[in-house]
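Student: Residue strings, one per chain:
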Amino acid sequence: MAAPFDLKNDDVVVIIGSGAGGGTLGNELAQKGIDVVILEAGGRYEYDDFINDEWDSFAQLAWKDMRTTSGDWRVAKDFPNLPAWIVKAVGGTTTHWAGASLRLQEHEFKTLTTYGKIEGANLLDWPITLADLEPYYAKAEDKMGVTRTNDIPGLPGNNNFKVLKAGADKFGYKECHTGRMAINSQPRDDRNSCQQTGFCFQGCKWGAKWSTLYTEIPKGEATGHLEVRPNSMVIKINHDATGKVTGVVYADKDGKLQEQKARIVAVAGNSIESPRLLLNSESSKYPHGLANSSGQVGRNYMRHTTGSVYAIFDKPVHMYRGTTMAGIVRDEARNDPSRGFVGGYELETLALGLPFMAAFLNPGGWGRSFTTALDHYDHMAGLWIVGEDMPRAENRVTLHASEKDPHGMPVANVHFDDHPNDTAMRDHAYRQGAAIYDAVGATRVFPTPPYPSTHNLGTNRMSENPEHGVVNKHGQTHDIKNLFVSDGSQFTTGGAENPTLTIVTLAIRQADYIAKQMAAKTI
Amino acid sequence: MVTIHEGRPGLSRRELLKRGSIGALLVIAGNAVISPENAWGLETAALKPETMATLIQMARDIYPHDQLADKFYAVAVKSHDEQAGKDAKHKELIEAGIADLDKRAGTGGYRGLGWEEERVAVLKAIETTPFFQAVRGGLVVGLYNQKEIWPVFGYEGESYSKGGYVSRGFDDIEWL
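From first to last, the protein sequence lines are chains V and P.
The numbering used here puts the first residue of the first sequence at 1, with every later residue one more than the last.
The numbering used here puts the first residue of the second sequence at 1, with every later residue one more than the last.
Pulled out of the complex, with its shape left as it was, chain V reads as follows (with noise of 0.2 Å):
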């Protein structure tokens, strides 16, 4: 039967969210012969309609439905409704990320056994390692078209890129260019290359990032064997006397109810959303949520130990000119405990726009400091801190206790402190930042605090033991077989490196899975 299918067809696989882990298991399945319902809760822009415009373009596309935070993270305090800077559309966060696509060292499979245990930590090893994905992630490269894989060349570096690696090679790193990046350097896959636009975040009207709004979803509807509903908001996911899950409850765009049923459920919503799901899922059966005997979903909130450094100089740089993410620096990358913290860090470009820069380079600030800075902005060079931050099983995803969306279900609360492994890094890689701009002659350079997350991970953890974590190493949940996670949330560990790759890697992996289990009829 081809799409678009029945409320009460029972044999199709239904996915919650349409990004990076949701768009790409979709398209999988669907290229397999299997029956698709992706349920999204935003609604679909094509890249024709975004805009080149940062507030209007994240009314358009951003998740801005209340959310709560509480800890001591500084974004609890400038954000305090604005834990993530993620999307609410159709490709999800892979309209708006900005294209880094770096494999996962071999020793972050294995923090626990590399770093050991550290106190306040809640380390555990992936139950695959390196190799178990390496094929896959050759897959994912080769479906993303990343630069500096499969003979594609890197992209042209623009000024901020430039000014980086200037510094970086007068600092003396060894590891400096253009990325690994999902954006075509040369137009490929029926998409155009980078124009150099400056919009990454804002959705590239290109469509040279990749994006599963151009690439998965619509191949994965060629098919007729894929469904993508928007504006459905899944609100609670049923089950059966024996467990098993049997479909979802989602607000549609009217704001009505439906049921969708289903043989298989992934929850691909990020790493909020997905556990504010399960939780929201309760029942008698399942009192502290589904997939949830474990107590571990929503814990070990991560959110990569982040910071930008700006710095500004004699003469002009135009950063916000090309590729947002120009560039990388990976020489702190390793893990290297003489520095004081375990784990490491890659510094990449970035760039802000005046709109954005007024917003972030110093949240709450204001008078002659702050604006003597924005005074010199087109002298400005920028780059931004992505490093492993430590899992605590205290930093978790809750359902508020009173606060409710329209639909009635509880908004999600984000709890996040800082372990002090991760202040050690943050303070590390504000001061090597600032070495690459003062080997170039910056004068002024600014530590700049964390944005909202925009790399939410490990909520619903992937583990060996169904004790320690929500998912085997396939994504599907240790309680319920026919209820799978398949983004972010499931990352046992963040690693350094920006998790789209992975994301997309593991749901490649998880849709050989799925249709293998499928022919057994094991699920």
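Take the hints with a grain of salt, since some may be wrong.
[Claimed, not checked] With a Cα cut of at most 20 Å, we get these calculated EDC-like pairs of lysine to aspartate or glutamate:
1) P:K162 - V:D56
2) P:K162 - V:D53
3) V:K315 - P:E156
Read the hints as simulated data drawn from the structure, not as lab findings.
Remember, it's a predicted structure, so these values are computed and weren't measured experimentally.
Since chain V is already given, all that's left is putting chain P on it; use the hints.
Tutor: Same frame as chain V, now just chain P:
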């Protein structure tokens, strides 16, 4: 720096000039704040025009950019008048906040303090109040999202319609 001239309603530019006023100045006339020199005026509906004039000065003191004319600050705080018209609580927040500023500033009020440092000292004392945070928070978007000011800071804005920067200087840095 905003010099406010408290004129009577209908005060003409000619009359102002006769009084020997020079340079930038804002005039309160009726229910409006007017800049005769720069040919713009801002009519208030809910807030007192004096309150609006002080808000404009306060906005400049929070985010001082000497290269920006007063009108951009006026546009940036205008929404408080609109909100005050719809929400009595907001009106009270702003009117009481400004009255408090004037009281703290002593004789002559907030706008009577000649040096930015003196006004900033008053603002420092209230920076954690809901009033200050409402004004500052509103300015982040209200001021910096005005497209007219972007060129002043060297930000070029939308670029897709011009084909991006691939042929327009994305890598034109020469001083490294």
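Student: Decide, hint by hint, whether the structure agrees.
Tutor: Hints versus structure:
Only pairs whose Cα atoms come within 20 Å are accepted, and P:K162 paired with V:D56 is accepted, the gap being roughly 19 Å. Between P:K162 and V:D53 the alpha-carbon distance is near 14 Å, which keeps this suggested pair within the 20 Å criterion. Simply put, V:K315 and P:E156 have alpha-carbon atoms about 17 Å apart, close enough for the 20 Å limit, and the pair holds.
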